[in-house]
Structure formats: C-alpha cells, structure tokens
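Start from chain A and add chain B with the ligand according to the hints.
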Amino acid sequence: MSKLSYAYYPGCSGQGTSMEYEMSTRALCEALDIDLKEIPDWSCCGSTPAHACDHVLSAALSGRNLGLAADMGEDCVLTPCPSCLTNLKNAGQHMSGSEEFKEKVNKLLDEPIGEIPDVKSVLQILFEDLGPKGVKEKVIKPLSGLKVVTYYGCILTRPPKLMEFDSEENPISMDRLMEAAGAKVLPFPLKTECCGASHGVARKDLVMKLSGKLLDMAEQLGADAVVTACPLCQMNLDLRQGQVNSANKTSHKLPVFYYTQLLGWALGLPQAQLGLDKLCVNPMPALRGIGKKEDAA
Amino acid sequence: MKIGVFVCHCGSNIEGTVDTKTVAEASLDFPEVTFATDTMYACSEPGQDGIIEAIEEHKLDGVVVASCTPRMHEPTFRKTLERAGLNPYMFEMANIREHVSWIGKDREANTNKAADLVRIAVEKLRRNQPLTPKEFDINRRVLVIGGGVAGIQAALDCAEAGLEVVMVERESTIGGKMAKLDKTFPTVDCSSCILGPRMVEIAQHPNITLYAYSEVESVSGYVGNFEVQVKKKATYVDWAKCTGCGECVEKCPSRKAPDPFNELLAPGRAINIPFPQAIPKKAYIQAEHCIKLTKDKCGNCAKVCPSDAINFEAKDEIITEEVGGIIAATGYDLFDWTVYEEYGGGRYPDVVTSLQYERMLSASGPTGGHVKRPSDGKEPKKVVFIQCVGSRDKSVGRPYCSGFCCMYTAKQAILTKDHIPDSESYVFYMDIRAPGKLYDEFTRRAMEEYGAQYIRGRVGMVYPDGEGQLVVRGADTLMGTQVEVKADLVVLAVGAEAAKNSPQLAEKLRISYDAYGFFMEGHPKLKPVETNTAGVYLAGACQGAKDIPASVGQGSAAAAKVIGLFSKEKLKSDPQTALVDIKRCIGCGKCAETCPFGAINMTEFRGQPKAEVLETVCQGCGLCAATCPQGAVQLKHFTDNQILAEVEALCRF
Ligand SMILES: Cc1cc2nc3c(=O)[nH]c(=O)nc-3n(C[C@H](O)[C@H](O)[C@H](O)COP(=O)(O)OP(=O)(O)OC[C@H]3O[C@@H](n4cnc5c(N)ncnc54)[C@H](O)[C@@H]3O)c2cc1C
Numbered sequence: 001m002s003k004l005s006y007a008y009y010p011g012c013s014g015q016g017t018s019m020e021y022e023m024s025t026r027a028l029c030e031a032l033d034i035d036l037k038e039i040p041d042w043s044c045c046g047s048t049p050a051h052a053c054d055h056v057l058s059a060a061l062s063g064r065n066l067g068l069a070a071d072m073g074e075d076c077v078l079t080p081c082p083s084c085l086t087n088l089k090n091a092g093q094h095m096s097g098s099e100e101f102k103e104k105v106n107k108l109l110d111e112p113i114g115e116i117p118d119v120k121s122v123l124q125i126l127f128e129d130l131g132p133k134g135v136k137e138k139v140i141k142p143l144s145g146l147k148v149v150t151y152y153g154c155i156l157t158r159p160p161k162l163m164e165f166d167s168e169e170n171p172i173s174m175d176r177l178m179e180a181a182g183a184k185v186l187p188f189p190l191k192t193e194c195c196g197a198s199h200g201v202a203r204k205d206l207v208m209k210l211s212g213k214l215l216d217m218a219e220q221l222g223a224d225a226v227v228t229a230c231p232l233c234q235m236n237l238d239l240r241q242g243q244v245n246s247a248n249k250t251s252h253k254l255p256v257f258y259y260t261q262l263l264g265w266a267l268g269l270p271q272a273q274l275g276l277d278k279l280c281v282n283p284m285p286a287l288r289g290i291g292k293k294e295d296a297a
Numbered sequence: 001m002k003i004g005v006f007v008c009h010c011g012s013n014i015e016g017t018v019d020t021k022t023v024a025e026a027s028l029d030f031p032e033v034t035f036a037t038d039t040m041y042a043c044s045e046p047g048q049d050g051i052i053e054a055i056e057e058h059k060l061d062g063v064v065v066a067s068c069t070p071r072m073h074e075p076t077f078r079k080t081l082e083r084a085g086l087n088p089y090m091f092e093m094a095n096i097r098e099h100v101s102w103i104g105k106d107r108e109a110n111t112n113k114a115a116d117l118v119r120i121a122v123e124k125l126r127r128n129q130p131l132t133p134k135e136f137d138i139n140r141r142v143l144v145i146g147g148g149v150a151g152i153q154a155a156l157d158c159a160e161a162g163l164e165v166v167m168v169e170r171e172s173t174i175g176g177k178m179a180k181l182d183k184t185f186p187t188v189d190c191s192s193c194i195l196g197p198r199m200v201e202i203a204q205h206p207n208i209t210l211y212a213y214s215e216v217e218s219v220s221g222y223v224g225n226f227e228v229q230v231k232k233k234a235t236y237v238d239w240a241k242c243t244g245c246g247e248c249v250e251k252c253p254s255r256k257a258p259d260p261f262n263e264l265l266a267p268g269r270a271i272n273i274p275f276p277q278a279i280p281k282k283a284y285i286q287a288e289h290c291i292k293l294t295k296d297k298c299g300n301c302a303k304v305c306p307s308d309a310i311n312f313e314a315k316d317e318i319i320t321e322e323v324g325g326i327i328a329a330t331g332y333d334l335f336d337w338t339v340y341e342e343y344g345g346g347r348y349p350d351v352v353t354s355l356q357y358e359r360m361l362s363a364s365g366p367t368g369g370h371v372k373r374p375s376d377g378k379e380p381k382k383v384v385f386i387q388c389v390g391s392r393d394k395s396v397g398r399p400y401c402s403g404f405c406c407m408y409t410a411k412q413a414i415l416t417k418d419h420i421p422d423s424e425s426y427v428f429y430m431d432i433r434a435p436g437k438l439y440d441e442f443t444r445r446a447m448e449e450y451g452a453q454y455i456r457g458r459v460g461m462v463y464p465d466g467e468g469q470l471v472v473r474g475a476d477t478l479m480g481t482q483v484e485v486k487a488d489l490v491v492l493a494v495g496a497e498a499a500k501n502s503p504q505l506a507e508k509l510r511i512s513y514d515a516y517g518f519f520m521e522g523h524p525k526l527k528p529v530e531t532n533t534a535g536v537y538l539a540g541a542c543q544g545a546k547d548i549p550a551s552v553g554q555g556s557a558a559a560a561k562v563i564g565l566f567s568k569e570k571l572k573s574d575p576q577t578a579l580v581d582i583k584r585c586i587g588c589g590k591c592a593e594t595c596p597f598g599a600i601n602m603t604e605f606r607g608q609p610k611a612e613v614l615e616t617v618c619q620g621c622g623l624c625a626a627t628c629p630q631g632a633v634q635l636k637h638f639t640d641n642q643i644l645a646e647v648e649a650l651c652r653f
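Those protein sequence lines, which keep their order, are chains A and B. First residue of the first sequence? That's 1 in this note's numbering, and the numbers climb one at a time after it. First residue of the second sequence? That's 1 in this note's numbering, and the numbers climb one at a time after it.
If we strip away everything but chain A, and leave its shape as in the complex, we get (with noise of 0.2 Å):
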C-alpha cells in the first residue's frame, strides 16, 4: 500500500482548548504512517457565526481553505474537528452543487476555487482508509480491561446526507478502533445524543442537563473512561464535569479522553506527544488500571 497521505486542517480549537487532540492527532498519525500535509496559511473555517448569518459567507471562509488544499495538489482534505468538518463539507457540497453559488462565493475570494476537494474526519480515514485492522497490527499495549463508552456527539455523522459516514443513529467506527486497541466498548445508547454544545455560554443549566445525562448514563453501565472525537463534547464533559456534578449533585469522576489520545497509549506514545496533562479529570488512575483489571475479572 502507498503511503497515505492528504491535506490537513487543523482548525482553530486544536491552537487553544483542544490543544491535546491536535498533539495527539499528529502524533498518531505519525505513528501511524500517515501523512497530514497541513494547509498553508489556512484561516477560520466560519464555523457557527458565519454560516448562522450568511451561507455565502460562511463558504467563501470554508472555500478559501478548500482552494489552498486544492493549490497543493491534494484530493482530500482532513480535519479532526467535527465542527469545521461540517463547515468545510457544507461549502464544499454546495459549491459543488451549484454553479450559481460557487460563482458568488468566487467574488468573495481572491483567488477562485477550481477543483474542490473532498472533505473528510481524521477518524473517517483511520476507520476506512487504514481500518482497524492496520491500527491494531501496531498496538503495543492493548489498553485491555478499559472500560470505555464511545461518545460521537450530534454532528460527526449527521446529517447523513452530508457527513456520508458511519451510521447517524448508532455510529461504530470508534469503537471499532477502540476494540482494536484491546479495550472493552460498552454498549452506550447516547452516542449520538447533544451535550448541550455550545449553550455553555448562554444557557449553563441546559449544559449541566444534557452532559449530566451522559455523564451518568456511563457511570450507570461501569465505564472507566468516555471516549470522544470532537472539542467541543470533550470539554463539556470533562471542563465541566465539576459544574456538572455539584449542579446535579453527582461525583462523577470519569476521565474524557479524545479517541486519538487511547489509541496513541495504545501504540506506545510518550504521555507528553498525546498531551493527557490537559486533561481535567485525572485519566491516570483509568490508565493505571489498564491491564490489572482484567486479572480481577
């Protein structure tokens, strides 16, 4: 097989809150034999407050970056963010489908967009294009009797006719990866159900419901660890799992890791290339366990 290569985009969580999925999704994908190219002076994907107000607008910020790729001589661009996933994808298809509204969003870039390139989740790549089976030939410590619920938040598959990936009600690819990585995945019925994303700002006590929901529903099933793929779940359920727990008056104490953080345990990466001191809840006590607990049950 060639090596697997493509365009990438980092997006903007990856420089400040979720700095430890961007380390950690680099680091995998080296390790991984993976090649993330990453766009050149790539800017803000408009992600919310652009495509709230104004669609072409909102394309045109996407397409800017989908030309740069595009400039590069790349067929396919990745993003670990589920949000700029869906921007990038949105601008994409529309443009795609619909000369009328390529050309307006034309007028708003300096450099018009030509070809336009696919668009696709890191996990996507690694479940379809490497597959679990080319992560799990490279584990070296299986993260064995880790007890995980794999949480996909509302938007990695949906809408389907957009994302055209994985399933939209009971999505699979991560705990396919996960399996592969020798932990045990947990049936969790809320995989795809809404953390209350952004309303954090707004709106905290929707927040402290719907991820307090989530929170317990994997508590309730004996999970060690809740495992996710985009920034914004992440830091609901671990930023404020404290907000959480004294509104909801729980003590959940569950570490959240991003996907790309326990299948770089798994292949052997220095704890400081997947960045777990980020963390907010304490994964330590979980990644201790890995391998004793098995003994015990």
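Quick caveat, the hints were computed from the structure, so don't treat them as lab data. No experiment lies behind these values; they were computed from the predicted model shown. Treat the hints with care, since some could be wrong.
[Claimed, not checked] Listed next, the in silico SDA-like pairs over lysine to any residue satisfying Cα-Cα at most 20 Å (straight line):
1. A:K278 with A:H252
2. B:K394 with A:H252
3. A:K209 with B:D465
4. B:K394 with A:L190
5. A:K213 with B:Q482
6. B:K315 with B:L210
7. A:K161 with B:E341
8. A:K209 with B:E467
9. A:K161 with B:K394
10. A:K161 with B:G397
11. A:K209 with B:T481
12. A:K209 with B:Q482
13. A:K209 with B:K486
14. A:K161 with B:D393
15. A:K292 with A:V185
16. B:K381 with B:M447
17. A:K209 with A:K249
18. A:K161 with B:V339
19. A:K213 with B:G589
20. A:K213 with B:K486
21. A:K213 with B:D465
22. B:K394 with A:E164
23. A:K209 with B:E484
24. A:K161 with B:S395
25. B:K486 with A:L190
26. A:K278 with A:G268
27. A:K209 with B:M461
28. B:K610 with B:L644
29. A:K213 with B:M461
Chain B with the ligand in isolation, oriented as in the chain A frame:
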C-alpha cells in the same frame, strides 16, 4: 380497400390540446381513406353506433380509431366492427391521448403528431388480413398459490362451485398471518376461532388437493391449459403416516432452532409442528438444525415416532399439475425494521414487532397468552406503540401506507388493557387511518373506553435507561413539545412489504409487479383481481397491503373470475400468432430453440425439415420472427412488411 378514420375528443382529454377536426380532415388525404370524422366519445354507445353507421353507409372495410391506449378499448372497438359485419382485426388504433394530448401542450405540434400517428395506423391497416381465432378446450382445475386467508377464501369458493382446486403453500401449514393473530379488529373476535374451521374445510374438501411446504417451480402453457411444476420440499417426515401426535417434537434435543410461527420470540425444535390447529397438522424437520441430518447423530424422533413416519433420506419432489386458471394469493411480509437504528436496530430485546406482540397475546403463543417481556419475563405495565415503522417513510424506501397498522395498534392497545388491567398504553401516531366500516368507532374506543394515550408525533429515539426500562422520546406535534415516556415494552407497528420472492414468482407467472414487488392488477379500478396475463388472478395482500375483510373480498372476487372463465364451453385463442412460410423455411430450427412457450414443432415436408407453429400455444411474442434468418416466420398482424410500412409512413421526407 375503403378505410374510415374516427378521431376521438375524449371529452376535453384529447380535444383540449389536439385539433381533432383538422386531424380528421388531414386523414382524408391518406391512401384509401374514404371517410373521416371527429367524434365526442368514440367508445360511448352513440360513438360506436356512429362507426357502425359509417361502415354501412360508406361500405368501409377497415377502421382506424384515433383515441386512447389500445389496452382498454381495442377489444371494445373490435366488437363494434364485428357487429357491423367486419372482421374484428380490420381495425387499428392510434393512441393520441397517452402518446399526444396528455404529454404535450402545444396544440399545433400535437395536432401534427396526431395526424402522423393516424397515417401510421392507416398504412398498417392497409396490410391487415382478416384473422379468425381458434377454439380450444379448458382444463377446469384451478391452482391457488398461498394459503393465507385470501387463498383459503378463493379455494373454498372455487371448490364449492364444483371446481377442482390445487393449493400450494410455502410453509408447513396454511393460515398465513391471520393464523398468528390473537384477535381481529374491529370486532375483537378470536382469529383462530374464525379461521380454524375454514382451514379444516380446506383439508377435508373433496375437491381440494393441498401441497403444504411446497412452492411453484415453473409454469408453462396458457389460459385454460397451464402446466405447473410444484416442488414439494423435503420434510423428512412421511405425511401419509404422521398423525401429528407431537411425540417427536417433545423428544427433539435440538432446542435452538428458529420458530418462525412464533416470530422467533422463543427458540423452537428442529422438528416442529407450528401450532395445535395447523393444517396439515404434520411435523417437518428444519434440516440445518437437525442433529441427525447435520452430524449423523441423534435420530430421537425416529425412535419415538409411533407410526414410523420419520425418513431422513427424503428428497425434494417435483409434481406436475395441469390447471386452467391460477390465483396468486401469496400475501405480504413485514418490513425489516432493524434499519431503524434509532429504535435500537434490534439490539434491545424489549422492542418487539406488532406480530411478535400478537404471539405474546395469543393463548397458543410461547407465553400461553400471558404478556411477558422478552428480557426478564416480567409483565409490562407501560406499553408504548410506535406506528408507521416502515410505512409512510420515504427515508427507508417505503412511502406507501400499509393501511392496517392503525387498526391493529388500536386493537393491541385494547387487548393490552384486557390482559393487564393496571397497564397504560401510549400510541405515537402520524395520522389515524381508519376508514372502514366501524373502524373509526373502534379507534375511538381504544382511546375513550380503554384509555390509550394517543400522541401525535414521530418517535426519534428509544434507549434503555439502564434500570430496566426503555426511554421513548418523541415529538408531540399537537402540543408542540418533546415528550419522553418510560416504557416496559415497546411495540413497533411494522408496515407490510411484498412477500419474499414475489418478483421471482411474478416472472414465473408472467405477470407484472410494482416497484415494491406487489403484483399489478389489470386495471387499478376496473380490473382489481385480474392481471395482464389471461387466466392469472390475484387475491389479498400480494396485490398491496390490505386487511382481512378486503383480502377475503378479493379471494371471493378472484374465485368468481375463475368460475366465470370456466363457465365458457371453449376458449378462443388469440389469432395474432406466428406463421411459417413453408417455402422460405430452411428448417434450421432456430425459432424452435428461442420460443419460450414451446409453440414451435419441427416437422418434415417432402423430406425437408420445416418449422410449424402450434397456434393455441403461441403467445404472439414475436421472438421467432426476430430470430428467423430467412424472414420465413412472420407474426400475423405484425408482419415485417407492416412494420416497415409504418416506419415509412413516419419517415416520408
Ligand atoms: C400485527 C398484525 C395484526 C393484524 N391484525 C389484523 C386484524 O385484527 N384484522 C384484520 O383485518 N387484519 C389484520 N392484519 C392484516 C392481516 O394480516 C392481512 O390482512 C391478511 O393476513 C392478508 O391475508 P393474505 O392471505 O392476503 O396474506 P397472508 O396472510 O400473508 O398469507 C399469504 C400466504 O401465502 C404463503 N406464501 C407466500 N409466498 C408464497 C409462495 N411463493 N408460494 C406459496 N405460498 C406462499 C404464505 O406462507 C402465507 O401462508 C394484521 C396484520 C399484522 C401485521
């Protein structure tokens, strides 16, 4: 030849976008046309009388009617010609409705095209020959495929009228879905009490031969004289000896076999008698689960059988039956709901289908009529019904309404209260469709007397709350809110789809089926139980989802059609058959090879091999004519010369 042309207005259907007067005038310029007129409704009584008068007055010897599709009215006009003393085949139709007025709005272009179509018809008619049908005998036996309530009704009506009936049923018992039901709407009478006696009648009627656990392998022949190969699948039990005592089932150690009659609610045995009232009440072995047949061990059943009926050596058998008519009554199957991941996709044991729920309610079901939920055997106190699962849902390719689900859901809500008086039922619905006699009253009873809570809205998600209940979350579109109900059991009102392998059966019968696999009736309004193949009729849900009263109605209707067909002395064959020009035939035999109906014999003429068409067997498909390298086989009424003349009429410039 003197040809008359009649251009129909079809009210405003044609006249609206075609200038029929101009078409008629233009026709007068076509060769041998001596009379042409427009007419309001050519098919009406005055319309037909007008044609007859014109034939007499103008001494016409051929007629073209420019109107609608020949499907409906070609036979009408052929009869008109006959009444006027002409040969009915000296007639042509130009379809200027479906092919012109209904598909274009440009009046001038339409008028020109209509005139062209008339010109084509005239050129063909000029080369028509008078044809006379042959008469042939009818085999007055009828085949009924499928032994659900529709097939049972059809078979009994035919048998009562004195016809010999052959019934072929795929399963080891007749009864179809109705046999699995507990009670039936809108009267809530016991399903097996009303169906059971009818099933027994099938078994006992001297005019009926039943092949259960059998399928139709192939069909050849034509109306009045079909030859049917029936495959009797191996049951490994000699049914002539089996008394249905059930000893073998008791002693069978293979206890994880599927039990399709109970909708897989509980595992069954490898040797099985579906239910106590089964007809025939005979055991059969599911080979892939039998320890003897798969591993050559065990053989318990053979040891305990008091009548020595077990035969592990049994093989499938092919039986040939000759019949004159066929009724297809193969019913429906349930949509595979597991595509609905939001309802758990089959992962949650306490989400069941409506038909499974019927088995849970039924006294002959695996729980003896006590409603127990599959996960822990507890009696559910809160039951949520979700309607339109695989019905009226474009996203799963099932845009049609299955029709009976609203009614059976109301029935099941009523029965739930009867079985568990302290229970609560919730029904999520889109619209309530209850248009039958006493039907709306019935759904109201479920709400008003039995307290079922009807919530108008779709369910978006069902998930286990981790404490033994299921959370059902949906929209209440009347209140404009989201609702969550905690349920002990969720019942999905799963919609109907065409029975498995319906398209394959349709092809054997040479009948049409729709995009979903349901068989096509001859006409959606006027030929509800006929098909486009003479001698083949439909009954019940195989033609589209329908409830028991409607299925039974069609069963009787199809029987009446067969009885009518068989009441004729003899049948007339269609004379539009192939004909071999013996001078041109080189005896290569290619036509005999391609003929799908076996209608061509090879004979000898003055020492030379020649092909010969059996006129009553020939279906007029024309394959032989297309195959013949010499142009020696011609299809009467569609000769090469006629088709070429039509093409030339169109390509004059
Ligand atoms: C849960 C539920 C509850 C219902 N409750 C009611 C009710 O209370 N009242 C009511 O009026 N209706 C009810 N119905 C509808 C009812 O089931 C149908 O109206 C009825 O069964 C249709 O009868 P049928 O003979 O056309 O088809 P079926 O009952 O489907 O019978 C078809 C028969 O043909 C056989 N068959 C299929 N393919 C072949 C083949 N290729 N060769 C040979 N045999 C074949 C099948 O094995 C079967 O025996 C209910 C339906 C469901 C799903």
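TODO: Any hints from earlier that this structure breaks? Give me their numbers in increasing order, please.
DONE: Per hint list: 2, 4, 19 and 28 violated.
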